[in-house]
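Visitor: The opening position of the sequence shown corresponds to residue 1 in the numbering used here, with each subsequent residue numbered one higher.
Calculated directly from the structure, the hints in this document are not laboratory data.
Where hints are given, some of them may not hold.
[Said to hold, decoys possible] As a list, the in silico DSS-like pairs of lysine-lysine whose alpha-carbon atoms are at most 30 Å apart:
#, residue 1, residue 2
1, 381, 14
2, 243, 226
3, 355, 329
4, 243, 355
5, 113, 243
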Amino acid sequence: MGVGATEFLPVLAKVDDAVARALASGYQVDVDAFELLLSLENRVNVVDMIDKVVQLKKSGETDGVDVISRSDIDALLSPEESIEDPRNLEDSIDMAKEGSEADLEIIGNLTEKLFPVEGADGFRLLFRSRLRKMLNIARQRPDSRNIRTISEVLDAQNRDVVKVAGLVMDKRIKQDRWELAIDDLSGLLRVRGTDNSIKAEVADVMLDQFVIMDVARVRGETAALKRIYHPDLPDRIPTTSKKNVYAVFLSDLHVGSKLFLLDAFERFTAWISGLSEDHGVVDRVRYVVIGGDAVDGAGIYPGQENDLQEPDIRKQYSNLAQLIEKIPKHIRIVIIPGNHDPVRQALPQPAIPRKYAEELYCMENVSMLSSPALLRLHGVKLLTFHGRSLDDVVAKIPGLSYSSPAAAMKLLLRARHLAPHYGGRVAMAPAEEDHLVIDEVPDIFHAGHVHTLDRTNYRGTLILNSGTWQGQTKFQANMGIVPTPGKVPIVNLATLDMLVKDFTKSSGDS
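My request is simple: use the sequences and hints to build the entire structure.
Guide: And the structure:
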């Protein structure tokens, strides 16, 4: 007889404590290791076990890889503690029944809300909308409720420190000084300074980004900057699911490319269909989120036809549908577009048109949404976005790279905008409303695009980039970008802990 939910939850809590200890030390726990910890909880202290593994990895006595695998734990077990069956299958099925149905709520799908306004008028309305929304967010900060307009600062007769906010129009950083110019609907203000501690903050600001400042009037249209703030996220405790269910995050499959890892993806579909032995997690998976570039497309860059296994974009989506169809029907699947999908390149992007992906639209468990899209998965608020704007963030902000996209995603959260910079590599569509402002604070922020698996936590939000299923391209090799294909992040929605499973190996071990 399988254990009931009330018996299992304390076990899971102890295992989650062990996973949390690993994450705090800079190590992820893969799915097979997680399953083994579940089976061992009544035999060993799983927290102490993880501490020992971390200590060995840091001392260089093991492989030094920053993922804890089943073999790392097996190596520490005595013969008496080792077990052949990691977990009773009946127990797994009992737990799966506890959260048997997906609970997906679509909060924000922009597909039917994108009405471009052509020309200069459209961009004028867009930036006014951005400023208005950002001021509303800023005034929710306890320290920013008394923001003055720029005209009020310029008209003031004294030199008291006041708070002002606006969009960055110009940024100049020299060795011994720096200068910013911001504007709002009332005017333009230039601020200058030499403080090195503020200089570092100024370096992290992008053009067209909204900022809040403490300034003291100097003369004319110039002020001294005393402090700079981002709209930022409030410190908070994230919302989590009341049931132990999991969400799987994918992106950048690039079906149709010669470099698409078909064998690895078929191992993934076999795993998620329950054809492997590790049922403890897979039986509780209720969501798969695909963050754009599901197919490789056509005509995306010069010479792409030489890199395609399948040049017909409709056939690419048909092949994708055949793969997606293998995922069990009780799992809800969300698909958003990326820059390789047949939608407009300007942000935000509507859902992939039905005429290209009829078979996906006919699947009852598939939702085709815009990029960005805002969802609730078992009550957990998810913001999913392809991430094209990460190109501009990495290019403009010192110290960022494609190898650590979570740091760039963190800056987007601080800015409360998915594409702060206008006029860079990424186009924005002129419109009456700026839909890229992050109005609602997500519990999970998911992106793709850069082909690198990465994660971090910031003020209660799990930041996650889900990597790729495409091998290294010539462009990436020339740029020194090393992708992490076939590695799947799996998030426990009850704890927001993340596991990683590597499907590039035939065994599925990380």
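Visitor: Could you run down the list of hints and mark each one as holding or not?
Guide: Hint-by-hint comparison with the structure:
{"no.": "1", "hint": "381 <-> 14", "verdict": "25 Å, holds"}
{"no.": "2", "hint": "243 <-> 226", "verdict": "47 Å, violated"}
{"no.": "3", "hint": "355 <-> 329", "verdict": "23 Å, holds"}
{"no.": "4", "hint": "243 <-> 355", "verdict": "37 Å, violated"}
{"no.": "5", "hint": "113 <-> 243", "verdict": "33 Å, violated"}
When each numbered hint is compared with the structure, violations occur for hints 2, 4, 5.
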